[in-house]
Every structure is written in structure tokens, then in C-alpha cells.
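Undergrad: Residues per chain are reported as follows:
6 protein chains.
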Amino acid sequence: MVKVGRRITFNAAHRLNNPNWSEEKNTAVFGKCNSPNYHGHNYTLETWVEGVINPETGYVIDLSELKQILKEEVEEPFDHRNFNLDVPEFANLNPTAENIAKVIYEKLKPRLMQFKVVVRLYETENNFVEYTKD
Amino acid sequence: MVKVGRRITFNAAHRLNNPNWSEEKNTAVFGKCNSPNYHGHNYTLETWVEGVINPETGYVIDLSELKQILKEEVEEPFDHRNFNLDVPEFANLNPTAENIAKVIYEKLKPRLMQFKVVVRLYETENNFVEYTKD
Amino acid sequence: MVKVGRRITFNAAHRLNNPNWSEEKNTAVFGKCNSPNYHGHNYTLETWVEGVINPETGYVIDLSELKQILKEEVEEPFDHRNFNLDVPEFANLNPTAENIAKVIYEKLKPRLMQFKVVVRLYETENNFVEYTKD
Amino acid sequence: MVKVGRRITFNAAHRLNNPNWSEEKNTAVFGKCNSPNYHGHNYTLETWVEGVINPETGYVIDLSELKQILKEEVEEPFDHRNFNLDVPEFANLNPTAENIAKVIYEKLKPRLMQFKVVVRLYETENNFVEYTKD
Amino acid sequence: MVKVGRRITFNAAHRLNNPNWSEEKNTAVFGKCNSPNYHGHNYTLETWVEGVINPETGYVIDLSELKQILKEEVEEPFDHRNFNLDVPEFANLNPTAENIAKVIYEKLKPRLMQFKVVVRLYETENNFVEYTKD
Amino acid sequence: MVKVGRRITFNAAHRLNNPNWSEEKNTAVFGKCNSPNYHGHNYTLETWVEGVINPETGYVIDLSELKQILKEEVEEPFDHRNFNLDVPEFANLNPTAENIAKVIYEKLKPRLMQFKVVVRLYETENNFVEYTKD
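Just so you know, the protein sequences line up as chains A, B, C, D, E and F, in that order.
Each residue of the first sequence is one higher than the one before, starting from 55 at the first, in the working numbering.
Each residue of the second sequence is one higher than the one before, starting from 55 at the first, in the working numbering.
Each residue of the third sequence is one higher than the one before, starting from 55 at the first, in the working numbering.
Each residue of the fourth sequence is one higher than the one before, starting from 55 at the first, in the working numbering.
Each residue of the fifth sequence is one higher than the one before, starting from 55 at the first, in the working numbering.
Each residue of the sixth sequence is one higher than the one before, starting from 55 at the first, in the working numbering.
Just chain A, with the same shape it has in the complex:
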């Protein structure tokens, strides 16, 4: 088995907030990430696809196909957007790195069913998460 990784980047705004909590509790838990007018990140996404090497191509997956899937499922809906206001998946979901990675996994997996899929998302150079259900 071989894993293939593809790195992409996108830029987005977000705010961490639990609408069921008081502002005091939101500030205590989320600190500056609860800043009301949003802040943002250069997100880096590594998508790892595990499978077998196709003997005809030497590829685990056709890279042009993987690029197209990442473009449609991640770059177009998320890049230069506000997670809280522009992305339907986060209408009722706090856009932490954990939840963004989970949403990305759930969007990518149906298009990569024959592979084991792992997503690693870097929010900053110091904070990152990895998500899979495979």
C-alpha cells in the first residue's frame, strides 16, 4: 500500500463562537478567536490517498482527477470566503480546525471511495489537525 499526498492552500475568514453560551463564556474559551468581526488564516490542506500503484501509470491516483476533486470540493467553496457566513456546512457548526477538517473529509470521501483518505489541515504553522474515519 502506498499513500499519496497533495498539498493545496486557501485563505478564509472565521470566528469561533458558541451561540448557546454567554459572551463571557465564549471569550473565556475561545479568547481572541471569538473576535466579533472575524479574523483569518492561510489554511494548508494535505489530502492523503492510500491505495495500490496502478501498473500502467505508476500512479495510485490520476493526479489531474485529484486536483479537480480538490478544486470543486475545497478551493471553490472555501477559498477567499468566510466560513461562518458563506459556507453552508458551518451555519450551525463552529469552524474550528477540527470541524473544518471533518467537513473536508466528508466532502472528499464520496469521490474517493476506493481509497483510504486522511486529511491534515494546518491553520497556522503551530496549529494543525488530522481527520479520518477510514
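Derived from the structure by calculation, the hints contain no laboratory data.
Accuracy of the hints is not assured; some may be wrong.
[What the hints assert, rightly or not] In silico PhoX-like pairs for lysine-lysine, Cα to Cα no more than 20 Å straight-line: (1) Lys86/C with Lys86/F; (2) Lys163/F with Lys121/F; (3) Lys121/D with Lys79/C; (4) Lys121/A with Lys79/D; (5) Lys187/F with Lys163/F; (6) Lys86/B with Lys121/E; (7) Lys163/D with Lys121/D; (8) Lys161/D with Lys187/D; (9) Lys86/B with Lys125/A; (10) Lys163/C with Lys121/C; (11) Lys125/D with Lys161/D; (12) Lys86/D with Lys125/E; (13) Lys187/A with Lys79/C; (14) Lys125/E with Lys187/B; (15) Lys86/D with Lys121/A; (16) Lys79/B with Lys121/E; (17) Lys121/D with Lys86/C; (18) Lys79/F with Lys121/B; (19) Lys125/F with Lys163/F; (20) Lys86/D with Lys121/D; (21) Lys125/C with Lys86/C; (22) Lys121/B with Lys163/B; (23) Lys79/A with Lys121/C; (24) Lys161/B with Lys187/B; (25) Lys86/F with Lys125/C; (26) Lys121/B with Lys86/F; (27) Lys79/E with Lys170/F; (28) Lys187/F with Lys170/B; (29) Lys187/D with Lys163/D; (30) Lys187/B with Lys170/B; (31) Lys86/A with Lys121/C; (32) Lys86/A with Lys79/B; (33) Lys170/A with Lys86/D; (34) Lys170/D with Lys187/C; (35) Lys86/E with Lys125/D; (36) Lys86/E with Lys86/F; (37) Lys187/E with Lys170/F.
Following the hints, position chains B, C, D, E and F against chain A.
TA: Chains B, C, D, E and F alone, transformed into the frame defined by chain A:
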């Protein structure tokens, strides 16, 4: 003469827009950066200070002093903020990397008058600017 | 299950040496790392914590709690120190990257008992280790 | 158990091509990577070796031994070479990152039999693969 | 005055050779870089453009224009090519990093006449050059 | 004119201290960097050499010559050493990044007299200096 550089990072949201233009023109010039609900970046700031080596310390500048200046002038007012909505300097100034670098230079220089100061701001790994009037 | 990673850096001096060996054998095995007056590194530590997403916060772990644990267990005792002379855990333990990672794991784990914990330590850009018992 | 990683780099030329296919199909599948006069990469190889810490050295593996193995099996045969024309393993094997990682694993493993071995190969900052049979 | 930098990457093969020299002299001077079947690199190009901030846009240069110039002058002719065999400018010019940077500068400058232009080319993480005539 | 840069790394221990000061003043000025048993860094050195392109080689400087100079003047005397105890230039000179860069410049310049030389030294990813007298 010796230059000393100090790197810090901060995260902020912004939107590029000229309120005197039609939405069509804003989209044509700023593209996705004109997205109405903001997007954001992990900004990396390098501040370069040029001076002479103090023979008693071996420093060009006391690093704890430089750290404090950067904290007060850059990190506290900009980190986890929205440039367009939260930062007074951009009430009537488009928060491009060029203008953010210029504002940072103008905030830092009065506190570093005895030095030549250059600021380099990375908006992404692919886009960066350098500003000085010295 | 989701893994959350947090990167910190610290600077320390060390020397590799087995006091039960002759100086010839120490030099043969440890080379320049046996240099008697110590050398040092900018260590980079990634701490990975695996758990489930708390639906109220969207976090696997409260980041301010993880930061505090890393500060108390790693930064305060190790940063700007000499592993051989200043850190009790290495009084009789050679401070290789492997052993430093093991000691860090053993200091962090009791404070993160509900999580699977993995530590990855970069000694240089070319040498790194990963340690877990989970 | 502890994993130790060692990073090396090498530069090589290659071309992706299936000689059993028409030129049209090669171009459709491999795109620019099928360019007839070759292109090249700065490959970065991480070799991960998993074992137990030797209590006498504090090492999982003697680093000078690992360096020598990597020099003989990877750097000397691959660095500044053309995978398609100069490296016998690729005489009838397409030099994709997947296949290069597999060949490296198969060359390293017999010299590291007592360890679990994983190789990770970065072809560019955006494309990378990981291979193991352990 | 403000400088704006834009980073792009491209992959290419090359070989260093002076056809007026004996093979012995070529090997003595260029070492492994004279390997006959070419090797290659992930080149990273930073293009720095110095000018004044346009008060209407906040930009020194319209980024979409700069991207298009870099695409036409650098990416399309150089990416996934062999400098020695595929790029006319190197038919009689040794494709060292110095000469590649010079050729890139001379291709970019006529399209950026109103700006001071500097190009910095990274051949590897350890070797890089900077070229300008401005 | 063209500038050529070469990056090397070395690891060393140091301590910042002015022996003419009280321990209180040393701690006030140098903080943790005054830690008595030393700490250390992975130093990264960029050496920039400015000259003209030799038309026979396409090089500004023969890289094997530059590598040899860096090995003799920097790597051999500094790598895996303690600046305060092992390096004669710092017997009476505080080994700040500024002073290390100055010493490196003064060691390299006599061997690179026909070139303009600039050295940039990274002590950490956040602290760096640049030194030249040319």
C-alpha cells in the same frame, strides 16, 4: 552597519474594495479578494532594524525592547482583527499588503528613530511586500 | 477520531556521551556530538493529541490548556537550558533526540490521560524522532 | 517503540511515459510530465526507522550507519542522474514518485532488516508519497 | 517606494557543460552537474517589482497582470522543460542559476519597464542567485 | 552584477554575558540567554557573493571553491562547538548573532576579496542578522 531582523506572525481578516468604484470594477480589479464577507491570512512580518553594534551588549537593539514595540504597535492592534472594520488606519485605506506594510512602518518608525527601519510583510507564501522610507 | 497537533520550539545545549565508555569509543560512536563543551539546537516539538471533538466547542482539547501544559512541562524546564547539566531527567540518561522525546512523552502523558499522545521532536531539519506508548 | 527520521535531498531528471501507449494517451494522462526531453526535481527523502532505544547509546540506530546506507543506496545512484536513462531499476518502470519510493524502500529494507522502515518522498512541495511494506 | 514580491515555482532539467572544454575540464569544474543525461530542480522564482502605491487600488502593480506576465515569460516556456534542449535562450548559454536568472530578468523587464525589477532564483534550498540591472 | 547565495547550517552552544556587569544586570539585559550552562542553536548562514558572471562557466564563483572556504572558515571551527569556550574570536566578545555574523564576515572576506560579501545569519526562525562592510 548591521541589520537585525525579527519575525512575528499575526492572523487577520480583510477585504479589498474601492468604495468609489462600481461592484463590477471592484470584482474586475480585486477578484476573489473583493469577497464581501472578508477572508483572511496568517501574516508574517519581518522588521529589519539597521544600526551599529553596542559594544557593551553585542546587540544592535535590545531585543526585549523591540519585542515590546512590536507587541504594542502590531500584535495588539492587528492580531485576530478585521483590518476593514476594527483598525482605524484602514477606515479609508484599502488593506492591501502594500498599505498594511506602510501603516506598520509608520507606526514603528517613531519608536525606532535612531535606526533605519524596513518592514517586509508576507501575506501568503507567494505574495509579499517590502516598505521603507529610510 | 481526530488528532490535534501543536508546535512549539525551544533552544537547548547538550552533549552525547556514555560515561562508561572510553573517550575513543565515545568519539567513534557520537562523533562531533561528543564535543566536550556542548553544542546546541533549536528543537521543534510537535505534540499530537488524539481524541473526539467536543460538540460544544468544536475542539478536541482546549488549546489554552494544552499551551499551559506544554509551557510547564517543556518550555520552562528545557528552554535555554543545558540538558546534561540543568535537567534532572538527564543526569544519568544520554540526551539523544530519542531520549528527549521519551522524557517529554512521559512528562506530558499524565496530564493528558484521556488522550492518545504522540510527540515528534525535530533536532535539526534533517534529524527527527517520534515517540509514543499509546 | 520509537521512530527515527532522517532527511536527505537529491536532484534528478525524469519523464513519465508508458511506452505501450500512444503519444496522445501519454499526453492525456501524464500532461507536462510526459515532456520528451525530461524535466527534474529537488527530491526530498525522509527515511523513518522504527525500533527500540539502545540503552548504551540512546540511539535507535547508529546515525553514521544510516547515513552511509542512504549514501550508498540513494545518493550515489540517484543524485544528479536521469531516472529513465541512468538508473537500471527504471529501465522498464515509470519513475513516478510512487515507484521511486517503492524502489528506495526495496533498496533500503535489506540493509535495515531489524527495523520497520517507511519512506516518504517529496517530489515538490505539493506532491509527496509514503511507502512501506512493513 | 515599495517592493512587491511574487513567488512561483517550476520544474526543469538541465546540465552544466562548456562545449569548448574537454570532458576532463567539464567534470573538474561542474562535477555532478555535468552528468550527461541531465538532472533537474524545483526552481523557485521570486520576482520583485519596485514602484509607488497606486492610491486607487492600494497596489504597486495589478497582481493579475503580474501573474499573466510570469505565466507567459517563465512558466509556459520553462516549466517541465529541459533548459539545454528545449529553451532557445540556452542553445549557446550554460544554464547555471546565474544565467537562468539573467535570462528571466531580460524577458520580464520589457514588460515591466515602469518598475525596478529584481529576480531571485532558488535552484535548491542551499543555492540561489539574485539578478538585476536596475 | 549578480549575487550568489549559499546556505549552510551548523549547531553550536553559547551564552550571552558581559563579565563587567553584575549578574543582576546580565539577567535584566540578556534574560534566559544568560543561562549559566549555555544553550544552543541550529544556526543557518547565508553567504552572498556579488560579482560578474564568468562567461566560460556561467558562474559568479566556482561553487566548489566557495564550499571549501565555508567549510574551513565556518563549519570546521564553529560546528558542534561552544562559542564562549571553544572559539578564540569570542574569548572577549559576546557571541550575539550580530557579533557572530561580524566574525564570519571578517573570516570570509580576505578569501573573497574580489567580491562584495554579505552574510546573513539566522539564530532561530524569528531572529536573524545581516552584516557587511562592503
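Undergrad: Please name the hints from earlier in the document that this structure breaks, with their numbers sorted from lowest to highest.
TA: Structure breaks hints 1, 13, 14, 20, 21, 27, 32, 33 and 36.
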